[in-house]
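Those protein sequences? They're chains A and B, same order as listed. So for the first sequence, the working numbering puts the first residue at 12; every next one is plus one. So for the second sequence, the working numbering puts the first residue at 313; every next one is plus one.
Treat the hints with care, since some could be wrong.
What the hints assert, rightly or not - In the DSBU-like style, the derived pairs of lysine-lysine whose C-alpha atoms are separated by at most 30 Å in a straight line are:
no.	chain 1	residue 1	chain 2	residue 2
1	A	Lys210	A	Lys247
2	A	Lys91	A	Lys177
3	A	Lys122	B	Lys394
4	A	Lys91	B	Lys392
5	B	Lys594	B	Lys618
6	A	Lys247	A	Lys122
7	A	Lys91	A	Lys135
8	A	Lys193	A	Lys122
9	B	Lys394	A	Lys91
10	B	Lys594	A	Lys122
11	A	Lys193	A	Lys177
12	A	Lys135	A	Lys177
It is worth saying that the hints were derived from the structure and are not from the lab.
The primary structure of each chain is shown beneath.
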Amino acid sequence: MLEIGAVRKVFNPGTPNEVRALQGVDLTLDDGSFVAIIGTNGSGKSTLLNVVAGTFYPDSGTIRLGGADITRWPEHRRAKLIGRVFQNPFSGTAPSMAVAENLALAARRGKPRRLGWSVGRQMKGELLERVRQLNMGLENQLDDPIGVLSGGQRQALTLLMATWLKPDLLLLDEHTAALDPKSADQVIELTDQIIQREKLTTLMVTHSMHQAANLGDRLVMMHRGGVIQDFRGSEKRRLRVDDLLARFEEVRRAEQLDETAAGMLRQAYV
Amino acid sequence: MSLLIGALTIGLILSLLALGVFISFRIFAFPDITADGSSALGAALAAALLVKGVHPGIATAAAFGGGFLAGAVTGALATKFKINGLLAGILVMTALYSVNLHIMGRSNVPLLGQRTASNYAERLGASVLGGERNLNVWGWEVTVLDASMLAAAFLTVVLLGLMVYAFFQTNLGAAMRATGDNSQMIRALGVNDDNMIILGLAVSNGLIGLAGAFLAQYQGFADVQMGIGMIVWGLASVILGEALVGTRRLGLAIAGTVMGSVVFRLIVAIALRLGLNANDLKLITAVFVFAALILPGFLKRFQARKAQVSRA
Numbered sequence: 012m013l014e015i016g017a018v019r020k021v022f023n024p025g026t027p028n029e030v031r032a033l034q035g036v037d038l039t040l041d042d043g044s045f046v047a048i049i050g051t052n053g054s055g056k057s058t059l060l061n062v063v064a065g066t067f068y069p070d071s072g073t074i075r076l077g078g079a080d081i082t083r084w085p086e087h088r089r090a091k092l093i094g095r096v097f098q099n100p101f102s103g104t105a106p107s108m109a110v111a112e113n114l115a116l117a118a119r120r121g122k123p124r125r126l127g128w129s130v131g132r133q134m135k136g137e138l139l140e141r142v143r144q145l146n147m148g149l150e151n152q153l154d155d156p157i158g159v160l161s162g163g164q165r166q167a168l169t170l171l172m173a174t175w176l177k178p179d180l181l182l183l184d185e186h187t188a189a190l191d192p193k194s195a196d197q198v199i200e201l202t203d204q205i206i207q208r209e210k211l212t213t214l215m216v217t218h219s220m221h222q223a224a225n226l227g228d229r230l231v232m233m234h235r236g237g238v239i240q241d242f243r244g245s246e247k248r249r250l251r252v253d254d255l256l257a258r259f260e261e262v263r264r265a266e267q268l269d270e271t272a273a274g275m276l277r278q279a280y281v
Numbered sequence: 313m314s315l316l317i318g319a320l321t322i323g324l325i326l327s328l329l330a331l332g333v334f335i336s337f338r339i340f341a342f343p344d345i346t347a348d349g350s351s352a353l354g355a356a357l358a359a360a361l362l363v364k365g366v367h368p369g370i371a372t373a374a375a376f377g378g379g380f381l382a383g384a385v386t387g388a389l390a391t392k393f394k395i396n397g398l399l400a401g402i403l404v405m406t407a408l409y410s411v412n413l414h415i416m417g418r419s420n421v422p423l424l425g426q427r428t429a430s431n432y433a434e435r436l437g438a439s440v441l442g443g444e445r446n447l448n449v450w451g452w453e454v455t456v457l458d459a460s461m462l463a464a465a466f467l468t469v470v471l472l473g474l475m476v477y478a479f480f481q482t483n484l485g486a487a488m489r490a491t492g493d494n495s496q497m498i499r500a501l502g503v504n505d506d507n508m509i510i511l512g513l514a515v516s517n518g519l520i521g522l523a524g525a526f527l528a529q530y531q532g533f534a535d536v537q538m539g540i541g542m543i544v545w546g547l548a549s550v551i552l553g554e555a556l557v558g559t560r561r562l563g564l565a566i567a568g569t570v571m572g573s574v575v576f577r578l579i580v581a582i583a584l585r586l587g588l589n590a591n592d593l594k595l596i597t598a599v600f601v602f603a604a605l606i607l608p609g610f611l612k613r614f615q616a617r618k619a620q621v622s623r624a
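Looking at chain A on its own, in the form it has when it is part of the complex:
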């Protein structure tokens, strides 16, 4: 279970570039739930994911995972509990190392690394088995540097790596945003497959209304550093892309109204 409590984060505080990225976010994920986060640009959805992953620490608030307070754990320590797929396909793999070596690195996520062979015979068999299950024909390319593969192939492998050892939490950061539509569909299908099979607790940030509406059992909308809507259960199941678009339009209009209202007030009183 992931519990995010009253998390705040301000970038460049006290400067003209100050950004209040998170303004007291509360969010609790039950075990096995698959939550999609969608939001406007600058809504703080990626910041939230990074705070959970430990890329940086929040200014205040707590993050608990599986009962442990991980708010001040460094990134590499949290990695024991968290599997992660980045937006950029280049971020999740070591390009000059072989496909097999990359996967073997992931097979020891959070475990001590000593002087045993990285890709031993047993590991090789397991690699072959798991890569074959991807059905992408990559089993013949295990010895090639992973950098020669396409973005879609690398992202599929990163997904496999993040979930090789079952994580307590899977973080997906717009992980199909940089892919062409066909690869994106493939990776999304694989994502759903793995999450359903392993019953993974998942937090997925997405830019795609389509993904937000069709994937997961819960949808959280963020705006200006806070959660503005939380669709669950049957409400989430009934949700369509059009409903989401309508909701975004509503937010936009409210904003505009606010601004004109503020302008009127300024004119009248300043």
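Let chain A serve as the given structure and place chain B on it in line with the hints.
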């Protein structure tokens, strides 16, 4: 002939330096200048201990240990204290100059008449070759001493090269390579990348200290100045090695680095023989490394422009 064999032997000894530079420069992409200090540190430690009558094996191992510590300090400065990597290396290198003087007690320690690793090589060679003074290799006269030095250096480098290759295939070594390749990825897989850099630079400078110790025992003295320019020697060897094998795949790259060091020493020996002023050596090496660093990018741009012209 003796000159040629001498060049090969020094090339092999310095290939340990080149392997160290390969680790910091290529595997971690860390410009580690500690090499200038740690090579002299290795020489100083070995010489000071040998003069006290310590067994050459232990003296040489101490040189590895000294270099290892020096590298760890540079790594810690760069990661735990977030000092720029170049500056961290410069700080440690500068500090080591004083440390080396303290270790040796003066600026130069001769090893004439001391029992060194070279004596072992000589004795081993003599017993294998049956006590002859000269050998006939393809019509050339070679002294047993020269031949056994070369053979010992070759065996040592092959052994250490294989160990480095094996090490980078282990779980720990693979995590180190991934740290240099993509630190974000390896952090997300639960590795403390700072510690990897510290340990990696330690291993790198351990090898460089070892090179210094062997060099001192081969040439018969340790000098506090002998480290100057070592990093550039090492870089030149690594770059030349890459040109020779044409790949950055680990095994071939390691073999290439050793070859690069040997070939580079041969070129230097030939150039000196042809009348190159020894004082110009470091300048020419620096220019060579400079050219090797910018040439690939320059060629690519040139080809791109040519392609553009031919399209138009």
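Consistency of the hints with the structure:
no.: 1; hint: A:Lys210 <-> A:Lys247; verdict: holds, 18 Å
no.: 2; hint: A:Lys91 <-> A:Lys177; verdict: holds, 10 Å
no.: 3; hint: A:Lys122 <-> B:Lys394; verdict: holds, 26 Å
no.: 4; hint: A:Lys91 <-> B:Lys392; verdict: holds, 22 Å
no.: 5; hint: B:Lys594 <-> B:Lys618; verdict: violated, 35 Å
no.: 6; hint: A:Lys247 <-> A:Lys122; verdict: violated, 37 Å
no.: 7; hint: A:Lys91 <-> A:Lys135; verdict: holds, 23 Å
no.: 8; hint: A:Lys193 <-> A:Lys122; verdict: violated, 35 Å
no.: 9; hint: B:Lys394 <-> A:Lys91; verdict: holds, 25 Å
no.: 10; hint: B:Lys594 <-> A:Lys122; verdict: violated, 46 Å
no.: 11; hint: A:Lys193 <-> A:Lys177; verdict: holds, 27 Å
no.: 12; hint: A:Lys135 <-> A:Lys177; verdict: holds, 19 Å
Hints 5, 6, 8, 10 from the earlier list are contradicted by this structure; the remaining hints agree with it.
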